[in-house]
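Protein chains: 4
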Amino acid sequence: MTKSRLEAFSDGVIAILITIMVLELKPPHESTFAAIGHQFPLYLSYILSFINIGIYWNNHHHLMHGVKRISGAVMLANLHLLFWLSLISVATAWAGETNFASAPVAVYGIVLVGSAAAYTILQECLIRANGRDSDFAKALGKDFKGKFSLCVYLVAVPIAWFLPILSCFCFIAVALIWLVPDQRFERDFDSET
Amino acid sequence: MTKSRLEAFSDGVIAILITIMVLELKPPHESTFAAIGHQFPLYLSYILSFINIGIYWNNHHHLMHGVKRISGAVMLANLHLLFWLSLISVATAWAGETNFASAPVAVYGIVLVGSAAAYTILQECLIRANGRDSDFAKALGKDFKGKFSLCVYLVAVPIAWFLPILSCFCFIAVALIWLVPDQRFERDFDSET
Amino acid sequence: MTKSRLEAFSDGVIAILITIMVLELKPPHESTFAAIGHQFPLYLSYILSFINIGIYWNNHHHLMHGVKRISGAVMLANLHLLFWLSLISVATAWAGETNFASAPVAVYGIVLVGSAAAYTILQECLIRANGRDSDFAKALGKDFKGKFSLCVYLVAVPIAWFLPILSCFCFIAVALIWLVPDQRFERDFDSET
Amino acid sequence: MTKSRLEAFSDGVIAILITIMVLELKPPHESTFAAIGHQFPLYLSYILSFINIGIYWNNHHHLMHGVKRISGAVMLANLHLLFWLSLISVATAWAGETNFASAPVAVYGIVLVGSAAAYTILQECLIRANGRDSDFAKALGKDFKGKFSLCVYLVAVPIAWFLPILSCFCFIAVALIWLVPDQRFERDFDSET
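Residue numbers (our numbering), protein chains in the order written: chain A, 42 to 234; chain B, 42 to 234; chain C, 42 to 234; chain D, 42 to 234.
Derived by calculation from the structure, the hints in this document are not laboratory data. Mixed in with the good hints there might be a few duds.
The list cannot tell twin chains apart, which means a pair is met if one copy fits it or any two copies do.
Derived DSBU-like pairs: lysine-lysine, alpha-carbon spacing no greater than 35 Å straight-line [what the hints assert, rightly or not]:
#: 1; residue 1: 67; residue 2: 179
#: 2; residue 1: 44; residue 2: 109
#: 3; residue 1: 67; residue 2: 109
#: 4; residue 1: 183; residue 2: 67
#: 5; residue 1: 188; residue 2: 44
#: 6; residue 1: 188; residue 2: 109
Next up, chain A with everything else stripped away, as it sits in the complex (with noise of 0.2 Å):
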């Protein structure tokens, strides 16, 4: 019950926050192709954040799958979680209305840091509240990929202050990683059905 009530209300605030991005998207005031061409920053910086915000979706579907008991603390982990993907959207608005400037970038990379740790936090009060020897914390595994996300955030937000654009590819480098199909995945989707 509590369980479903928290995974509806994730899933809620994070399909808000994924479509209320669209609102930074203006429509340009010349209606020819030249003033969708300037726009074109913000666009991109659109598709890398929708992507962000889905992969994010799809992780935390895949990470309360397995979990059989909430705390508290699993609570406010979760709202921690939610606060920071809601900064996404302004950072993606500022970082592509600057045209990837070095301050807009090294923020967006701060957010980014941010949610991965927050979601990091999230499992790990998962494991507590469901015991470090269940099957969930086993399943869980080591989050390789999980803790090279952060570090390569980490890395790049200092990186912005000389090369905001090396930055913008270490965030795309770490959301194709996500994308990339994936065994273990396709072996869980499998299971479930």
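Knowing the structure of chain A, use the given hints to seat chains B, C and D on it.
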């Protein structure tokens, strides 16, 4: 479990998309009927897009109904569809505010092409996940309507350069095809209850 | 299955509509109470529309409760209702910002007429889908309240040209009729539990 | 049935409220860190309101958990609570944009008073619907925390005229009281699983 969360998330995103379009309808500053008259194209584009997203929701609903298995590729294809649908609101506002000029109408058509293509890809992923001999694949049939709509959209995009109003009629015609009561459709409902 | 997804989608759209109205309430630029005083009509219109959409949610909820069968026509009639409800937020903002001038109040009334008519059409479609002799059709009864509301709205629209404030009182009176506890209503809840 | 739709609708509205607050955070026009520094009060007010709405969601969740019966009065009281919560986002933006000036902070406090009072009224309606001797009423207990919060908010409003910063500390203190892990709380979760 996974399927119902995918449905709930998609329904959530589509519900938000169909609703936030109304945020593009700013109330006029003067308090006269003439002021609303000037916004008339904006309201027309709003109605068309409301119907289009409503049709996608309805079709998505029916598509997922008979599905037995979900794969990682389905999750991505679904997110891809939601991405294109999310762009409808900006394209609508642009087309409406510029009185259906060439470039905005062409962009609107491109977004519809993207949405229809994404829907076809999602169908294909679902067929692969469930098997070509499954009941699901058979019930889907040849999807003549879907392929026809995609073709009309593809033709309407270049037409927008010369006669944007004709492109608009193409979009409206496709919407009407989907709105007209469909015998198969009613039969589905009957067998469901 | 189909019915529960229709309910969930409608609830989602109505929840978003009732909430995004608040986005029309821009915080004033000065930090004085007088600044809020100037926005007073905006807040009044917000309260009225919040109550109106809340009543529609409540009634929709009760209407769908006893339904056994859904048809393609019901899906369209439901979308049509959501369309009119979606216009309430713009009409509200316009009426509030113009201090309840004639044209905006008339437009607000037209949107309420459209909503009430769409609701009646939805009821009719549901009765056809479930049969005039079904428990559902009997429980619905004559719907005197609904028809009376529609009439009051129809009268309030032309009145707005001469005395918009009187139209507003009509809208408030109808809302109060629906808010007043209703014996049938309480009985429904009792039998549900 | 009715209870689960009430929960779903409330969760939906609260999820939207907590999310659309982020739309008040406009990205700055310059691409410097100083530009974000100037928005610092806006971010502080955002964090405080995010936590407040999160707490309301959590409490609402627990409140409805043990409920057996819903009445028409509960539906209205719930809508009344959602109304006050919906005003938090405007009050937050106003307080943040004016660097926590007297009037906006007082208004923020009034909205919190309204929310807390509406929550107390909802509790009372639920107790009446379920009976004072019901398990629900006993589990609720005296709700010392809720009444204490309401008193602090009531005191913080007049303080805002002289020392708005002190009112802000009151709001933060109340939020912390609710965030601190609560033994009863954890026990609830244990018995649920």
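Right, here's what the structure says about each hint:
In this assembly of identical chains, residue 67 and residue 179 lie within 35 Å of each other by CA distance neither inside one copy nor across copies; the values are 46 Å within and 43 Å between. In this assembly of identical chains, the alpha carbons of residue 44 and residue 109 lie at most 35 Å apart whether taken from the same copy (8 Å) or from different copies (19 Å). When the C-alpha separation of residue 67 and residue 109 is checked against a cutoff of 35 Å, the pair qualifies neither within a copy, at 43 Å, nor between copies, at 40 Å. Neither within a single protomer nor between protomers do residue 183 and residue 67 lie at most 35 Å apart by alpha-carbon distance, with minima of 42 Å and 38 Å respectively.
In this assembly of identical chains, residue 188 and residue 44 lie within 35 Å of each other by CA distance both inside one copy and across copies; the values are 25 Å within and 28 Å between. Taking identical chains as interchangeable, the C-alpha atoms of residue 188 and residue 109 lie at most 35 Å apart whether they share a chain (24 Å) or sit on different chains (34 Å).
The structure is inconsistent with the numbered hints 1, 3 and 4, although it conforms to all the rest.
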